[in-house]
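S.K.: These are the residues of each chain, in order.
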Amino acid sequence: MSTSISVTDLTFSYPGGLKALDGVNLQIGAGERVAMFGPNGAGKTTLVLHLNGIHMPPPGRVVVGGTPLDDTSVMDIRRRVGMVFQDPDDQLFMPTVRQDVAFGPANFGVSGDELDQRVLDALGAVEMVHAIDRAPHHLSLGERRRVAVATVLASKPEILVLDEPSSNLDPASRRELATILKGLDVTMLMVTHDLPYALELCERAVIIDAGKLVADGGTRELLGDPDMMAVHRLELPYGFDLKAV
Amino acid sequence: MSGGHAHALHIHGHSVVHRLPGHLKVAALFLFVVAVVATPARAVWAFGLYASVLGLVAGLAGVPVRFIARRMLVEVPFLAFALLLPLVGEGPFLEFGGVRLSEAGVLAAWTILAKGSCGVVGSILLAATTEIPNILAGLNRLRAPKAIVAIAGFMVRYLEVISGEMARMRVAMAARGYEPKAFWQVKALATSAGALFIRSYERGERVYMAMVARGYAGSMPTFGDVLTSTADVVRALALPGLAVITAAVALVVSG
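Chains as they are written, first to last, in the numbering used here: chain G, 1 to 245; chain E, 1 to 255.
Chain E extracted, bound-state conformation (with noise of 0.2 angstroms):
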């Protein structure tokens, strides 16, 4: 079992970010969201606005850049397919450095890098400075199905067992002199996800047992309501209010 008191997302800290309650912080994320989805793609000043506030955010949070900046990688799959839209979009054309680049192209790769990043950096600072249990709790204040809660919770929970279960079972083959060098010998790590499979499986009928024993009936308790001040709600609104008025006067001007 590893230490540690969080998640490889988190970032500790006290700041005004952090102590937001998580109801809040993901509501706010969502309407950011929609405003900066709403927003016209050609109107760049906007999304410069959103780009400096996001800053400003993770200045006070105290997240650093460079944290940010690993943390977005996992946007590089769509942006190789944003830069490919340019060269094979239809017309009408632009010249630039003697390629020829498709107008539609180049706007639609600029919507997916603008729009996308914001969303991908609006989510790093929420899991920066948000408990993943903070975050269930505010998705189960913000009534989100429990259902769809719960099983985030679980998936939370159980992954460590699981991922601990495979790297013991991968030791386990390796130990016994498995190198898989080639295509054929996959076997026996298919076999393994298999048998993954049926241990995960099992211990959902040991845990569900676990919580009949204690009274589980078919819905999970909530617990404890967070006192939400007045000052709480105007902060957390500051960022997606900035976005919706933003959006709307890119929408306006944009006509």
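Isolated chain G (complex conformation) (with noise of 0.2 angstroms):
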């Protein structure tokens, strides 16, 4: 399996001090559906704006696909690198959902047949399709998470970042939205409070702690281990049998 994502020693401190990742190594491979877990504040934010160059780490320690982040890499890195932002009011920005979906692959330098082409398959992709021409903000919120994952579909990544997926989704749009990502062949991180989803859609999982990783494993071996769960503030919802799924 060839390495989609190496993240090396990797370290990063907010104006002010505040150090929010401190020696930071993570790799992904390339199909890998990896879920990221850890207490708020703990820097999971902060380590994906540095995999397409938002924060822009020092040269050589994140490596995408073969490509070190670079000044020069940064844009090609975006493209490969799809970001899904938690909010998707954040993440709709355009009057309409195509002009939305469109923003990515035009700005990749995408336009014409094909760049209608990308938004339909891309809405296509999480079902969204008769809500082309609509604004954004006149969609209930699992239409708009489905819309904001699509605006990143539409410039071919391969690598999918999900930050906070399934939250404040009522439970069928959680559903919903499960089967769509489960149906995609891309590479993929989540950042998650949302333990049982990350169960059900990822085989591994990592756990970050003040700036550093602390865990590395099956989704199901760690979620199984209430020692290593209680130093790190994670819990699974109540009545929740590991055992049972």
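Keep in mind that the hints were calculated from the coordinates and are not lab data.
Incorrect hints may appear among the rest.
[To be verified] Chain E is faced by these chain G residues, among others (derived, beta-carbon under 10 angstroms):
| # | residue |
| --- | --- |
| 1 | L49 |
| 2 | A102 |
| 3 | F103 |
| 4 | G104 |
[To be verified] Pulled from the structure, derived: some chain G residues nowhere near chain E, Cβ distances all over 10 angstroms:
| # | residue |
| --- | --- |
| 5 | D22 |
| 6 | P68 |
| 7 | A106 |
| 8 | S173 |
| 9 | D194 |
| 10 | R204 |
| 11 | G218 |
The beta carbon of each residue, even a glycine, is placed where N, CA and C say it ideally should be.
Mind assembling these two chains? They're in different frames, but the hints should get you there.
M.R.: Listed below in structure tokens is the structure:
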């Protein structure tokens, strides 16, 4: 299995001195689906913002599909690493769904019929073609989150990074999104507090705490380790039985 | 989040006016307004003509008179000011029903009433027959400054998000017993306006991050050319064309 994302000894401090990442190492293989757990403020979002150069890592610390992330490769890597942010109202900023989905590929130089086809394909993948000419703020949260995924898929990324994909969704929207995500043929890194969701979608999980990567293993094994879970403020929902799924 | 497909000023329809491309309608309105403004105020007949043509467009588009009348309320403050002019203006004066009116004031009031109303009704018709994305796309196609069009687009997109946030903050305040009755209680309201500003500012940062993540490098992409037929251009020019001719005739006549 070839390596899709490689993070080596990544350290990052915010202006003001807060150390958000402290020597993080993480390798993700092509086609893997990995969940990232950790308490609030652990550095999860800071880490994923390094994966497509929103925060620019020092040269050589982040490598995507063999290409080191730096000033010259950043646009190419932004196309290959699709980021789905937590609040779809941040992600969907254009007047119509069509223009929003076209925004990414248009920036990466796609135009004309191919752009139209990309938009249709991406919306088809999340079953939202019917909303193509609607305004994002007229959609439900579940629909907006699906369109947010489409805005990224339209650029044909190799890697999909999702920040809290299931947060605030009603149970049916949550399940529908899971079905869609399972059907996508991409490497996936999912930041989440929704542990059953991670168990359903990701075979592997990592835990970040206080800027360090403190655990890396099978999702089922991590969730089945009560001591490890307790130390990092992770808890399965009431009544959830790991052995039953 | 509210449902519905369009903004409050829009009336869904498939009339010939609805179907015209956005940029032609925006350009037509602009030309029409220029012609109206250029028309001498004393040419009352010309304004009668403008009104009937606007009425015709409204009829074609299926925009009810009642809807236009309600939207015209936006003019009221200006009209109130206009009505004062005949009373405070300088001579020569006219006697009307025992009231002494300034002749210049009457003319100024009429100018505001007639020209303002034509512009307002024209804008109402544009908004009623054109969805916002089409107006924005039209402005883009007319080479309006991209930054301005983008800002207008963001404003439209986030108006509901931010007013939703404001509504939630007001509910949260009311839920904790805040019912401003006296002026000094307004402080909490001012504080919440500040909080809203900070929240909106932070949202701006997050939106920018989402744009950068999808390859934004300083200029907004423009999308798809709408096919413009000669017939569309002729239809769109009908209203402003007539207005330009009328304005020219009125200018010559009142020479």
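S.K.: For every hint, state whether the structure bears it out.
M.R.: Here is what the structure says about each hint:
1. L49: Since chain E brings a Cβ to about 8 angstroms from L49/G, closer than 10 angstroms, the hint holds.
2. A102: holds, 6 angstroms
3. F103: F103/G check passes; min Cβ-Cβ to chain E is 6 angstroms, inside 10 angstroms.
4. G104: Holds: closest Cβ of chain E sits about 4 angstroms from G104/G, inside 10 angstroms.
5. D22: About 23 angstroms separates D22/G from the closest Cβ of chain E, which puts it past 10 angstroms; holds.
6. P68: holds, 19 angstroms
7. A106: Not fine: 4 angstroms to the nearest Cβ puts A106/G too close to chain E.
8. S173: holds, 14 angstroms
9. D194: With a cut-off of 10 angstroms, D194/G remains clear of chain E, as the shortest Cβ separation is near 21 angstroms.
10. R204: The assertion about R204/G holds, with a minimum of 24 angstroms to chain E.
11. G218: Per Cβ check, G218/G is outside 10 angstroms of chain E; nearest 30 angstroms; holds.
Comparing the model with each numbered hint stated earlier shows that hint 7 is the single one that does not hold.
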